[in-house]
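Visitor: Those protein sequence lines, which keep their order, are chains A and B.
For the first sequence, position 254 matches number 253 in numbering that gives the first Met the number 0, and the numbering has no gaps at all.
For the second sequence, position 257 matches number 256 in numbering that gives the first Met the number 0, and the numbering has no gaps at all.
Some hints could be false.
If chains are identical, the list can't say which one is meant, so a pair holds when it fits in one copy or spans any two.
What the hints assert, rightly or not - No farther apart than 25 Å at their CA atoms in a straight line, the calculated lysine to any residue pairs in the SDA-like style are these: (1) Lys37 to Arg280; (2) Lys37 to Glu255; (3) Lys37 to Pro110; (4) Lys37 to His55; (5) Lys37 to Ala259; (6) Lys37 to Gly169; (7) Lys37 to Ala76; (8) Lys37 to Glu60; (9) Lys37 to Glu244; (10) Lys37 to Glu274; (11) Lys37 to Thr277.
Rather than coming from a laboratory, the hints here were simulated on the basis of the structure.
Below are the chains, spelled out letter by letter.
2 protein chains.
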Amino acid sequence: MSAIYQRVALLGLGLIASSMAHAMRRRGLAGHIAGHAKSAESRDVAMELGFVDSVHESAAEAVAGADLVVLAVPVGAMGAVAEAIGPHLAPGATVTDVGSVKQSVIDAVAPHLPDGVHFIPGHPIAGTEHSGPRSGFATLFENRWWLLTPPAGADPAAVVRLRALCEGMGANVDEMDAAHHDLVLAVTSHTPHLIAYTMVGVADDLRRVTDSEVVKYSAAGFRDFTRIAASDPVMWRDVFLSNREATLEILGRFTEELFALQRAIRTGDGPLLHEYFTRTRAIRRGIIEAGQDTDAPDFGRVKRD
Amino acid sequence: MSAIYQRVALLGLGLIASSMAHAMRRRGLAGHIAGHAKSAESRDVAMELGFVDSVHESAAEAVAGADLVVLAVPVGAMGAVAEAIGPHLAPGATVTDVGSVKQSVIDAVAPHLPDGVHFIPGHPIAGTEHSGPRSGFATLFENRWWLLTPPAGADPAAVVRLRALCEGMGANVDEMDAAHHDLVLAVTSHTPHLIAYTMVGVADDLRRVTDSEVVKYSAAGFRDFTRIAASDPVMWRDVFLSNREATLEILGRFTEELFALQRAIRTGDGPLLHEYFTRTRAIRRGIIEAGQDTDAPDFGRVKRD
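Based on the provided sequences and hints, a complete structural model is requested.
Guide: Following this line, the structure appears as structure tokens:
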């Protein structure tokens, strides 16, 4: 495949940025890959692993001459980075981001970008519980969704070009409105993460059950919560602070439903519980059919004959 | 390995019982394996797959001459099965169960067992989101915990013998008090399941987000909830109805913590969120070190280079 962008600047060198670098390299999607991270250690690791062609101490330096700039920092840091690079962006360059929240990123970034620069916010729905420049790998985005939320009036050609890059890295691309994205993700990702964090915290606090018991007997259910709750704390703090309204709305519905099930347990309403638990199986089947998951028992964690 | 029991009767032929049969066969832990299930279809499948030596229409018939009887039916059905087999149990036989709740099973089963029969309740902490006689496999219990809750005054020799069977199938065995077991499992399994069921239900109810969106974009977080929520509805209905007190206690603590995090989001208390999310990583690391899980990214769902 021929390069889609001649010079890509990755601002932030964590799991997503390093995975993008590995994927672009493998598919020959980018000419030169320039990288910048606030942390000197991350910059050193990027050079050591060699997934970037050049590393720069300042974001402004990294974006010079780039036709694609990727903001891959925590959502809360997007505004400051945009402010730092605004005056240094090449005319006609495309700026995208990989934040898990879109409206607040748009509000923080857009004001700092000069005319003639195309801002096309994005969100790759892919990740692991690992973070940092050593955690990236080229296949992270394969068969995962990459959501783009181009503003009204975005340049169609610039959107098509960015789509091609995402698809080149193996992702499926959808476009939607930023506010709708934030609601969908509050349901599919943000609220589940908050709940998982909470349950892990409860287990940790409970004095009559030792941590070692929690750890030893986590196989059934709790283990999946800990995986979710092991994600990057800074990223998630920013997600909840910046997608506040949608997360609080979904949390409200969640507690409402939870109290209904809690009452059913208290009153011994077996039929209600059975009906509820039966209904949830359909979504699970849907996810397997949608190819976002495997139906191997326990995700193949248990080796099958 | 030489047979530990000459004749094992499996009452119920679902995921756990069929996996026990496969494991006992492979390791030569049992002489004859007799099976019974209420459903004619399950009995037919068991014969078709051949993981039992004989299938019986009645539980009473299946336990005749057995030196080990395994109650592998939903927790709510244990009492009725115990009542049906009580008069037909061989003197000196051991009766165990695989229920996810222990105290209520003991209350339901013990009164029906004659003197001279050893009742040693058990709970293998292993499973997949699949159920039924076709879902079993020989390695399900490998490196998983099998908890035994022998009553005070249980025959030590009978306990040692049952331990040997569980260990022979690859499990690690711990013994604990039944009430403590129920509290530990309320934390590590029962409450997480109820929460996952609830979140999946919320997603399904939300009209502004389509099911297909929920399904397509489930990769981050929600997917793990659906796996948990796809478990057998009858089994889980019975678990919650029979471990009511412990589940309600943990749910109470959970909502208390959740409201604290919810308030932090509402008030924009970033430091509290960051501290909380950082703390949860330790438990995750503990689980990986305890060997109950893999630290491969995303549990190896994403292929790594």
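Visitor: Compare the structure with each hint and give your call.
Guide: Hints versus structure:
no., hint, verdict
1, Lys37 to Arg280, "between (45 Å within a copy, 23 Å between copies)"
2, Lys37 to Glu255, "neither (42 Å within a copy, 37 Å between copies)"
3, Lys37 to Pro110, "within (22 Å within a copy, 68 Å between copies)"
4, Lys37 to His55, "within (10 Å within a copy, 69 Å between copies)"
5, Lys37 to Ala259, "neither (47 Å within a copy, 32 Å between copies)"
6, Lys37 to Gly169, "neither (28 Å within a copy, 48 Å between copies)"
7, Lys37 to Ala76, "within (11 Å within a copy, 60 Å between copies)"
8, Lys37 to Glu60, "within (13 Å within a copy, 72 Å between copies)"
9, Lys37 to Glu244, "neither (30 Å within a copy, 50 Å between copies)"
10, Lys37 to Glu274, "between (52 Å within a copy, 22 Å between copies)"
11, Lys37 to Thr277, "between (49 Å within a copy, 21 Å between copies)"
Figure legend: structure checked against the earlier numbered hints; hints not met, in rising order: 2, 5, 6 and 9.
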